[in-house]
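Undergrad: Once you've looked at the hints, dock chain B against the given chain A.
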Amino acid sequence: MATPTTPLWEVFIRSRNGLAHKHCGSLHACDATMALQAARDIFTRRGEGLSIWVVPSNAITASDPSEKGMMFEPAESKIYRHPTFYEIPEEVGHM
Amino acid sequence: MYTQALNASESDERQVEDAVRNAAFQARIDDEERIEPNDWMPAGYRKTLTRQISQHAHSEIVGMLPEGNWITRAPSLRRKAALLAKVQDECGHGLYLYAAAETLGTSREELVDAMLAGKAKYSSIFNYPTLTWADIGTIGWLVDGAAIMNQIPLCRCSYGPYARAMIRVCKEESFHQRQGFEIMLTLCRGSEEQKAMAQDALERWWWPVLMMFGPPDKVSQHGDVSTKWKIKRFSNDELRQKFVDATVPQAKFLGLTIPDPALRQDADGHWRYSEIDWDEFKQVLAGNGPCNRDRMAARRKAHDEGAWVREAAAAFAEKRKPRHAAQAAE
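Top line first, the protein sequences correspond to chains A and B.
Mapping of the first sequence onto the working numbering: residues 472 to 566, in sequence order.
Mapping of the second sequence onto the working numbering: residues 17 to 346, in sequence order.
With the rest of the complex left out, here is chain A:
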């Protein structure tokens, strides 16, 4: 008998106040409440977090790795977007 699949969730944890939530893994759960409880048990057994987000994995839209070039290459050629592109005489000091 084929077992029905349980939905997949992505887990994000804020490790300290002031930091952003960071992706730390995924888990299976039937609903959001159980996903939160499972995330607590799986990812924060040693005080790793102060806040958890769980997001249904199928709600995430991801960029296609095979289109990496088209997506990100244009940024690479624009070195004038970086502060080091501009020359400031040393006597001006830190800027």
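The set of hints was computed from the structure by calculation and includes no laboratory data.
Given the structure is predicted, the values throughout are model-derived calculations rather than measurements.
Please note that a few of the clues may not be correct.
[Unchecked claim] With a cut-off of at most 27 Å between alpha-carbon atoms, the simulated BS3-like pairs for lysine-lysine come out as follows:
#1 Lys135(B) to Lys246(B)
#2 Lys187(B) to Lys96(B)
#3 Lys539(A) to Lys63(B)
#4 Lys137(B) to Lys187(B)
#5 Lys137(B) to Lys246(B)
#6 Lys187(B) to Lys493(A)
#7 Lys539(A) to Lys246(B)
#8 Lys539(A) to Lys244(B)
TA: Just chain B, lined up with the frame of chain A:
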């Protein structure tokens, strides 16, 4: 049947295309780039990793059984709390690893079903019994010690999700080894009977632990291609040697004797050990170890008896769906 010719030419084209992709893939690996789930990868890479990561996950889950055996009989509340936390960690490790394996395209349910059907393997070590409390100390000290030796290089594995899971696992595993060594140290500093119990456990676990690293390099089936793909960074024999070199002084500190009369240190500093009984290893892998049937029966029982929980959770989520949808719409 009318499109056979078409299929043939398509497959030729695909082979040419795959050769190009394979070369690009290997170049990324050689460049120490990490491979991520949606990247193109050769079918063999996917298959090898699915097999390896799922076996690793099954091992963590089955590994809870020999230790779980002693939770209710731990000699003190301190030991009991630590053992409970350790077994809970093993479960967590299994879950990280299943999640990593799933990113390769096989569902959790399929992976678990393959194990329950006896089609997927788990580490041979968990088919040995835990007869005394000293076995719990020995498992932490040696089994987890061997696992750490094996897992540290996996933190640099070419497959991103596996490497990341291993980093989490390794962080937690160090507590396991230390709690095991502490149990051994306490026994060795205790009464004659306690020390004898520790020695007996070491004698029973030593050889099975050395087998954990897998067949010797000269016969290992998966070594070459895994090394090429940087799934594996060290060979079975290299890791085994590292483990022996690290463990011999620890046994000496405990005042225990490793059950290998021929064990000796060479001029190069490495400890040489006797030939391992690979027939025993094969027998255990083939299902004929002391506890294989027990472990499988326990896993199947837990899975079957938990079925109602999974069904109830799914039914409850289904029932609440309209309410959640209504709340979201507000």
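Undergrad: Could you tell me which of the hints above the structure violates, numbers in ascending order?
TA: Of the numbered hints given earlier, the structure breaks none, since each of them holds.
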